[in-house]
Amino acid sequence: MTLVWTRVDQKLIHGQIAVAWVPHLSIDAVVVGDSDAADDPWVQKVMTMGLPPEVTETRFVAPAGLADLLAGGEWASRRVLVIFKDIDGVMEAVRGGLRLTRLNLGNQAARPGGLGGGRRLTDAFYVSDRDVAGLAELSGLGLEVQVQAVPAEKAVAWKP
Amino acid sequence: MIGIVIVTHGQLGREIIKTAEFIGGSLDGCATVSVDSGQGPDSILQAIEQAIKSVSQGAGVLLLTDMFGGTPSNVGLSFLSEGKVEVVTGVNLPMFIKAIQLRGKMALAEAAQAVGEAGHKSITVASEIMGGK
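These protein sequence lines are chains C and P, in that order. If you're matching positions, the first sequence starts at 1 in this note's numbering and goes up one per residue. If you're matching positions, the second sequence starts at 1001 in this note's numbering and goes up one per residue.
The set of hints was computed from the structure by calculation and includes no laboratory data. A couple of the hints might just be wrong.
[Claimed, not checked] Covered by chain C, per the in silico footprint, the following chain P stretches (three or more residues, Cβ under 8 Å):
id, segment
1, 1048–1062
2, 1071–1084
[Unchecked claim] Listed below are several chain P residues computed to face chain C (Cβ distance under 10 Å; list not exhaustive):
id, residue
3, His1009
4, Phe1022
5, Leu1027
6, Asp1028
[Stated by the list, open to error] Taking lysine-lysine pairs in the DSS-like style, the calculated list, with each CA pair at most 30 Å apart, reads:
id, chain 1, residue 1, chain 2, residue 2
7, P, Lys1053, P, Lys1098
8, P, Lys1018, P, Lys1084
9, P, Lys1105, P, Lys1084
10, P, Lys1053, P, Lys1018
11, C, Lys45, P, Lys1053
12, P, Lys1018, C, Lys45
13, P, Lys1121, P, Lys1098
14, C, Lys45, P, Lys1084
15, P, Lys1098, C, Lys45
16, P, Lys1084, P, Lys1053
Just so we're clear, the structure is a prediction, and the values are computed from it rather than from any experiment. We put the CB at the ideal spot given by N, CA and C, even for glycine.
So here's chain C without its partners, still in its complex pose (with noise of 0.2 Å):
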């Protein structure tokens, strides 16, 4: 399996996903590491119809379980973009045991008092300080964690 691309966005799968990256990586599995999701029926099938046919395989999981889905033989010879919704998510995967070397952040919109917070780190990325803690980390697990929204603007490191 290759772990191709690991991204924070809230949006899941849209359009920035079909359009861009699924094509810019020539992805062909998604996982999305996402307890509501993976709880929603309705999203998943609206969100696995939204994807281009290049994508033959598309799963919807708890942040946790990811790791154990992705050991599994099936994905040998897979493409995979792992989705998470928050940053929280991918602190449980790896907690989990999913291994990452690289963590996109890709939006996560402004939300004073909420889970996005208040600090800008571009237009489509905010945090609140737990997400920084949360960053500092996996950051110090040797990640390397970069925020870019489309293939087609330029990638900014992010450092602790």
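For this one, chain C is given, so just place chain P on it according to the hints.
Relative to the frame of chain C, chain P by itself:
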């Protein structure tokens, strides 16, 4: 009369309405929701909810979204509700004009069907219908 809400990335919806008004005169009972980068799903959800309320006159609301698989469509589809809200994706000018023409004459589900068909029929590859030169 069926209310109409166009939900798109950026100002596309507003421009479709402006263009249709240029052709057919001022329109009532139409609203747009513009989804911009940096806007979260919750605020999009609220904006659509408000827009639906603002155009609702009892005959249901037709939600037209720009691209299946995009955020406007993903969020818009969650409002689907039999007899109350129908969603048609891939909106273009001919579809919107068809919706305007039918909104006072048909029930919501029928109108949605007809608008979808109008969308399909409005797209042609010129060389295919003209037989080439």
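- Message: Hints numbered earlier in the text: which of these fail when held up against the supplied structure?
- Response: 1, 4, 5, 6 and 12
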